[in-house]
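Protein chains: 2
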Amino acid sequence: MNHQLSDLRKICLLGINPVTSAFAAALKNSGFRGELFGVDSEKIVKDAWGKTVITDGSTSLDEGLKNSDLVALGESKHLPEDTFAFAVDRAASDAVMLDMISNRHRLDRSIAVAARRDLHYIGFHIEPTLGTTADCSANIRAFFSGKTVLLTPQFKSDIPAAEMLTTVFVACGASVHSMNQDKFDERHAQFDLVSDVLKFLELETILRNCRPEQVVTQHLESRISQQLDYCSDSRKSEWLKELADNRSEVIKVLSTIEATVGNLRTNLLIGSLDEHVASVIQAGRALLSKAVSSEGPELIVNTGDSPRVMQAIATAMAEARIAIDRIERLTERGDGYFKLRLLSLDERARAESVLRTAGIETEQTD
Amino acid sequence: MNHQLSDLRKICLLGINPVTSAFAAALKNSGFRGELFGVDSEKIVKDAWGKTVITDGSTSLDEGLKNSDLVALGESKHLPEDTFAFAVDRAASDAVMLDMISNRHRLDRSIAVAARRDLHYIGFHIEPTLGTTADCSANIRAFFSGKTVLLTPQFKSDIPAAEMLTTVFVACGASVHSMNQDKFDERHAQFDLVSDVLKFLELETILRNCRPEQVVTQHLESRISQQLDYCSDSRKSEWLKELADNRSEVIKVLSTIEATVGNLRTNLLIGSLDEHVASVIQAGRALLSKAVSSEGPELIVNTGDSPRVMQAIATAMAEARIAIDRIERLTERGDGYFKLRLLSLDERARAESVLRTAGIETEQTD
Chain A
1 MNHQLSDLRK ICLLGINPVT SAFAAALKNS GFRGELFGVD SEKIVKDAWG
51 KTVITDGSTS LDEGLKNSDL VALGESKHLP EDTFAFAVDR AASDAVMLDM
101 ISNRHRLDRS IAVAARRDLH YIGFHIEPTL GTTADCSANI RAFFSGKTVL
151 LTPQFKSDIP AAEMLTTVFV ACGASVHSMN QDKFDERHAQ FDLVSDVLKF
201 LELETILRNC RPEQVVTQHL ESRISQQLDY CSDSRKSEWL KELADNRSEV
251 IKVLSTIEAT VGNLRTNLLI GSLDEHVASV IQAGRALLSK AVSSEGPELI
301 VNTGDSPRVM QAIATAMAEA RIAIDRIERL TERGDGYFKL RLLSLDERAR
351 AESVLRTAGI ETEQTD
Chain B
1 MNHQLSDLRK ICLLGINPVT SAFAAALKNS GFRGELFGVD SEKIVKDAWG
51 KTVITDGSTS LDEGLKNSDL VALGESKHLP EDTFAFAVDR AASDAVMLDM
101 ISNRHRLDRS IAVAARRDLH YIGFHIEPTL GTTADCSANI RAFFSGKTVL
151 LTPQFKSDIP AAEMLTTVFV ACGASVHSMN QDKFDERHAQ FDLVSDVLKF
201 LELETILRNC RPEQVVTQHL ESRISQQLDY CSDSRKSEWL KELADNRSEV
251 IKVLSTIEAT VGNLRTNLLI GSLDEHVASV IQAGRALLSK AVSSEGPELI
301 VNTGDSPRVM QAIATAMAEA RIAIDRIERL TERGDGYFKL RLLSLDERAR
351 AESVLRTAGI ETEQTD
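Sequences listed follow chains A and B, in order.
Residue numbers for the first sequence follow the numbering used here, so the first one is 1 and each next one is one higher.
Residue numbers for the second sequence follow the numbering used here, so the first one is 1 and each next one is one higher.
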């Protein structure tokens with residue numbers, strides 16, 4: 001497996017869109033000078049080639065996949081529906097697959113990928129989630145800046161590839177986390193899906209209580225239609241499939257909602273609502289400060305803003321099998337400084353020694 | 001009781017802010033030429049006088065209330081906390097009190113007002129709800145345009161005053177509904193408070209499930225702090241007092257939420273989520289079209305865009321004790337056309353005859 005960007009010769013974008021285009025720009029920013037092959041409709045390929053987003057392209061999936069060391073899957077309405085299965089089937093041995101399709105069905109994905117253990121499948125998620133229209137017009141060079149990228153390597157053997165990709169995104173100003181799929185699913189249900197679930201519950205609650213003889217003002221009408229549009233649209237964009245895929249996690253979330261409703265009722269009835277809300281707010285503030293302080297040990301490195309040094313760090317860490325929990329640009333220290341978060345004090349000590357050997361200076365934050 | 005704007009000699013703003021200033025502009029727009037007295041800090045009074053928002057002013061509540069036929073209560077940090085009680089106590093006999101303070105405690109209000117049956121107390125609510133900062137800079141002449149005003153007269157005897165105010169707001173481009181306090185409270189709990197309740201439930205649900213070892217990204221952190229800020233801020237702005245005031249309505253809403261959670265769980269478990277969500281969306285669309293079609297009978301009047309004609313309509317209707325459910329500007333018909341919605345076919349027939357007698361042409365919509 002090639003886990004250094006400079007080892008890769010051909011990278012393929014299956015689907016050319018703002019996300020995969022921004023990824024292509026990020027690859028060049030990190031020093032990639034090989035072939036960047038794009039697959040999409042003839043018009044889109046021509047356009048992307050004209051803008052030097054890609055170095056070559058075609059409408060054929062086979063041409064794109066052939067000998068590609070890294071395949072970035074992106075949404076495109078011009079590619080066939082079974083593009084994913086096709087790509088898994090035909091990808092070159094040992095290739096990295098970065099799945100940049102946001103509404104993937106995770107269960108289907110993992111079943112398909114399980115059949116090709118020689119691939120390095122890595123899920124890609126971005127926060128804040130992309131709003132399709134707003135981001136289409138965004139500057140592709142600034143696309144990742146200030147965003148958080150969550151990478152989900154499928155197996156332990158995919159971690160080096162995830163670390164290579166981490167350095168690419170970090171160099172563009174993103175914060176990057178790697179985690180396994182189970183942890184991501186849990187997190188996704190608790191933090192992202194809960195919000196969709198509650199939007200739907202709000203709509204249903206309002207509709208159940210709303211009687212036609214009640215005054216429905218223009219404002220309320222437009223609020224209800226907005227929520228209807230949101231829920232119908234989320235339906236199209238596979239929101240319901242997501243809920244079904246994450247059923248057991250979502251059911252846990254529903255139980256928590258029920259418990260919080262019961263709590264609120266009790267507190268309303270016994271007149272202790274103020275104390276209850278105050279305690280929740282206090283717990284929230286405590287959690288936020290704990291989340292910040294309970295993070296793993298950190299190490300500051302100076303790359304002199306050179307992607308080459310960044311690559312050297314990633315390679316050294318990957319070879320020593322040291323997982324980087326998170327990499328963040330340290331803007332307050334000037335260009336080229338990065339903070340690496342590691343999983344334990346022991347791993348940090350190993351990282352210090354590995355990086356020293358590679359000629360890279362490190363510094364502890366605490 | 002004076003229920004024609006031209007009968008009023010002195011109108012007082014207790015608290016000069018964007019809402020009461022916009023109301024003053026609306027009064028002038030409807031032809032009011034009497035005294036417009038403002039009470040606030042010396043600086044604010046001077047400033048409002050300089051901008052001809054008011055014709056006279058002072059820092060003294062007593063001076064403002066003396067002989068005022070209409071008192072508009074507005075938020076002001078310069079007036080004493082017990083301004084409301086003071087105003088109820090000292091207002092001139094038969095005066096109209098328009099309560100433009102958004103975070104009033106309805107229960108406290110109705111108890112205080114019950115002691116002065118000779119006053120005409122009318123609650124004022126606006127949709128979309130005012131965001132304090134955005135609206136401060138808004139043009140006061142366009143303030144009511146496109147908004148919905150809900151007026152809650154306290155007793156039947158306050159309806160003529162509410163109709164006089166209705167014409168003032170309608171002439172500025174607002175849609176106006178009058179309803180009694182109980183109906184408003186029910187509506188408020190079901191449509192406005194449910195949204196606050198669910199925001200709080202979302203926060204509590206996320207916090208209960210969030211463990212410090214979980215990856216808390218910058219984006220999630222900022223989402224949680226936004227929600228914490230919203231809930232803490234709503235606390236300050238009397239959100240909790242509102243929940244407590246409307247306790248029995250809120251408890252009904254909580255039961256509905258529980259029922260919807262249960263429903264969602266069942267549908268998830270038996271695999272019928274798609275059908276369930278589709279049926280809720282369908283019910284929502286049906287309700288919206290029903291809400292529009294089930295509205296009361298309407299009458300179109302042509303005022304020639306003259307506030308005087310509008311006043312004559314309001315007077316004739318008030319004298320005949322015909323309640324106007326809603327008045328809306330009919331922009332598609334050109335300036336001066338308004339649609340009056342009445343409560344029954346019988347009342348519409350009476351309205352037609354009353355308006356004909358007053359020399360005003362009417363037209364049915366259906």
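Keep in mind the hints are simulated off the structure, nothing from the lab.
Bear in mind that the values here come from a model prediction, so they are computed numbers and not experimental data.
By construction, the Cβ of each residue, glycine as well, lies at the ideal position given by its N, Cα and C atoms.
Treat each hint with caution, since some may be false.
Negatives, chain B to chain A, calculated, CB over 10 Å [stated by the list, open to error]:
1. 18
2. 44
3. 56
4. 59
5. 102
6. 191
7. 244
8. 258
9. 274
10. 307
11. 319
12. 320
13. 333
14. 362
Each computed DSS-like pair below joins lysine-lysine, with the alpha-carbon atoms no more than 30 Å apart [said to hold, decoys possible]:
15. A:241 <-> A:156
16. A:199 <-> B:77
17. A:199 <-> B:290
18. B:66 <-> B:46
19. A:199 <-> B:183
20. A:46 <-> A:156
21. B:252 <-> A:252
22. A:183 <-> A:66
23. A:199 <-> B:339
24. A:183 <-> B:183
25. B:199 <-> A:290
26. A:241 <-> A:199
27. B:252 <-> B:156
28. B:339 <-> B:252
29. B:339 <-> B:290
30. A:66 <-> A:46
31. A:252 <-> B:199
32. A:199 <-> B:28
33. A:199 <-> A:252
34. A:10 <-> A:43
35. B:156 <-> B:241
36. B:199 <-> A:241
37. B:51 <-> B:77
38. B:28 <-> B:10
39. A:156 <-> A:28
40. A:156 <-> A:43
- Message: Check the structure against each numbered hint from earlier and tell me which ones fail, lowest number first.
- Response: Those not satisfied are hints 6, 7, 8, 9, 16, 20, 22, 23, 24, 28, 32, 40.
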